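Grab the two chains, each in its own frame, and use the hints to assemble them into the complex.
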Amino acid sequence: MAKPKVPGLLKGLGVTFKTLMHTATEGAATVQYPHEKEAPPIRARGVIALHEGNCTSCMLCARSCPDWCIYIEGHKELAPPRRAGGAPRKVNKLDRFDIDYALCMYCGICVEVCPFDALFWSPEYEYSEPRIADLLHDKSKLGEWMETVPEAPELEAGAEKKGKK
Amino acid sequence: MLALLAADLPYWAQSLLRVLGGLVAVLLPAGTVVYLFLFKMMSFMQSRLGPMEAGPYGSMQLFAEVGKWLQKEDIHPARADKFLFKLAPLIVLASTFLLVAVVPFGPDAWFTDFEAGVFYALAVSSVSVLGILIAGWSSANKYSLLGGLRAAGQLVAYELPMVLAVIGVVIQAGTMNLQQIVVAQNSGSIFGWDGLGNPYVLTQLVGFAVFMISVQAELTQTPFDMPVAESELVSGYMTEYSGFRFLIFFIGEFATAGVFSMIASILFLGGWGVPFNWFGWTSLADMDNWMNLVGPLILFTKMIVVVFFIMWVRFSFPRFREDQLQAFAWKVLIPVSLVNIMVTAVLKVAF
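These protein sequence lines are chains X and H, in that order. So for the first sequence, our numbering puts the first residue at 4; every next one is plus one. So for the second sequence, our numbering puts the first residue at 125; every next one is plus one.
The following block holds chain H by itself, in its conformation from the complex (with noise of 0.2 angstroms):
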């Protein structure tokens, strides 16, 4: 893709690619895993086929559902402050695409070589916490402002130790450019054993257990789905809107979930590389161009693989009860990922 780009195009045909690209990169998450997912394991874990009808094996049926939210009509309650009600939607859907931009998918393959790629990856994603609170406070409505009180507790609450586990990582690769952090694990070793790279779920182990477990917070999945609990809330933030500002949410919801993975992959996983002994590469310029083509393909398996295990946890347990998440989160996470980072920048130094 971005051989492409590296040609001399015009800037417009750039920016329209880029612009392609990221709708690409954020839609199609946000398809595969509602299908993949949503419909199809979740019903699968409750012993039903979900959707079968429109297309073969209900694979139209995200299409069928779209068009059914683009006919609604686009109400807003009477006491809402309609401009920062319509806004709400688009600002926790802008930190879904802003969050993409750091995601690298190739060797050449990336949107934008940022240095400081973890650090914007987790201050962008803190922008939807806005988005929910001004949605929750826009309403106009009791349930939805607890809901995006909730949210905001909570998302400010695991932003915290989401922070902290992946300063193991940065310790380790000496980096915060995201695509640095793919090629050190990759052109890594093990003990001097070098075939399988040197993936950071090895040794930050405990750092991915906090991260995933902060990630399904952040995105608000089951056990952490008190701002939109159903039968407390209504939906929510959620509640007063329908159709497309809906669909917006829904979008966003499903497309964080796919570009969050993506970067657990990337920080955890080895992201799009192969070890990089396989080929005799030994950095990113020795590289063939058509990794370009397979690295997304593999960072799209890592994502899949990821969002597995955050729905398979969605779809088994019970919510938490308010208290007991914040408790989890200041007693329980944060110490570990503290004494993570100790114990990583002791082995560090040591090593």
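Here chain X stands alone, though its shape is the one from the complex (with noise of 0.2 angstroms):
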């Protein structure tokens, strides 16, 4: 024998009272910010950290950015070569890394498309500012954020590169 039918009107009015029993005895879904906060997934994405030194300044990631919220200024330098006797090197010097997150749409594109992995994502959030200039962050104030940068999970089984050593 099927059950007789609830008509849906009640149901719904069912559907109601039993979450607000459920939340009076058990408590609500949500949390009260300020007061306690949830940690973000591991890869949320929040902020943007510079890893200063493998960034060779190549504006793949400034140009790649739909929002142009990416400023990137270096030049070049001689630096010694690397065996005796052999011609000095040319290197991309880094002066300005600026990203702005008043423009930012937090695609991660920049992310995706450095070759050197030089940025990375953090799942920190807390940065918002009085004044909206303040939310263009520096290259000193980018690389502050890579000690919020949580460790690479472990690739998968045969997810190892395959190939020539």
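Watch out, some of these pointers could steer you wrong.
[Stated by the list, open to error] Listed next, the in silico DMTMM-like pairs over lysine to aspartate or glutamate satisfying Cα-Cα at most 25 angstroms (straight line): (1) H:LYS192 to X:GLU132; (2) X:LYS40 to H:GLU177; (3) X:LYS14 to H:GLU446; (4) X:LYS79 to X:GLU132; (5) X:LYS142 to X:GLU115; (6) X:LYS142 to X:GLU157; (7) X:LYS79 to X:GLU41; (8) X:LYS142 to X:GLU129; (9) H:LYS266 to H:ASP447.
These aren't lab readings, by the way, just hints derived from the structure by calculation. These numbers were taken from a predicted model, which means no experiment stands behind them.
Okay, here's the thing in structure tokens:
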């Protein structure tokens, strides 16, 4: 025997009343934000951190940014040769690396496109500012975010690079 | 309260007391309804806590909101009819204040002991339609105008089943005086057993259901909130209002919810009274003076229960379509309430 059909109107009232009692007895699904905080998931897109040593100022991130919110300036420098007697090497020196978080739309294309692993996602999200100009993070501030970047998770089995060593 | 007024106070003092009493009777239910139901119950039904920061459990939130509204600039659209635009919210609120004037709160605690109280209440409650229509028209905004017209169509359509539902009560009580209706319920008996009086919700269950549905529509609460449908009309007739004038609309909406619930509990649930048999009373004159203090509390409790159901329905159901709304009023509610009147009249004569 099928159970007698409950009218949809009563069912709807039942759902809201059940939720009411559940919230009253066992607490809400939300947290009271400034007092208690939920840890964001490890891959959350909070803020973009810069590992300055890896950056070659190749401009790929700045060019691929849909909002044009990355500003890079650099100059070439001569570095000592690798081997004695060689010609001096030319390296790119980074002068300025700014991300304007007032413009950033957190698409993550810059992180994807960086060929030298200089940009990382960090789950940190509490960096709002009273003045909009302060949302322009320069390279020292972007470097500080590196501390909040979580360890990269283990690769899945079989995901190692194949081919020649 | 009125024991005090019965004493020989000068006219200005009586008037002052009545004005203060009216303010309390309108603003207290409005505040309670907004905090208890709009802030807390709705939040809990959505598995969140609602306002928690202003005062213990956010109980002062309402004062913060009022303060916020008072600071806002009082603007009106450039092409609005300014005089009517500013008048409209006051008409809506005035209808609430006029409505509370006939509500009896205790054996002597009333503002006016009006013979045709039911008639007056139903007539005055529809004054708010005028305010809403004026607000929609004078805003010079197509959304406001559509909202105002929808409100007019809806409120006129649901006025009728509401009146017809109340007629059953009037027939059974034999009076249109709200105070006498309360007395008739509490001194009545169910087949000779008078331990519970005779609240008309038992005999007029159909009338009560029709009345509550109509009240829901009159208050434009959610299954019937096409006039302010925010996804279609922004906020309907309230779109162009800001600051204090919006606050007046807001107070008007929830104060009317409270006052209508009071009238529903007076008509159907026994109002302020306890069954007279409990204390051996037979009429209003026997009653002790403490009933003037307990009566308002009883009425307030019943109001909370009735508002709970109104808000529960509001938070649970989606909005009707415009044609469904009209069809429901004209094809279902009015025939049902006409049959209810007929049956009530036949039974009244038979017994």
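So, going through the hints one by one against the coordinates:
no.	hint	result
1	H:LYS192 to X:GLU132	holds (23 angstroms)
2	X:LYS40 to H:GLU177	holds (16 angstroms)
3	X:LYS14 to H:GLU446	holds (24 angstroms)
4	X:LYS79 to X:GLU132	violated (35 angstroms)
5	X:LYS142 to X:GLU115	holds (19 angstroms)
6	X:LYS142 to X:GLU157	violated (28 angstroms)
7	X:LYS79 to X:GLU41	violated (45 angstroms)
8	X:LYS142 to X:GLU129	holds (18 angstroms)
9	H:LYS266 to H:ASP447	holds (20 angstroms)
Of the numbered hints listed earlier, those contradicted by the structure are 4, 6, 7.
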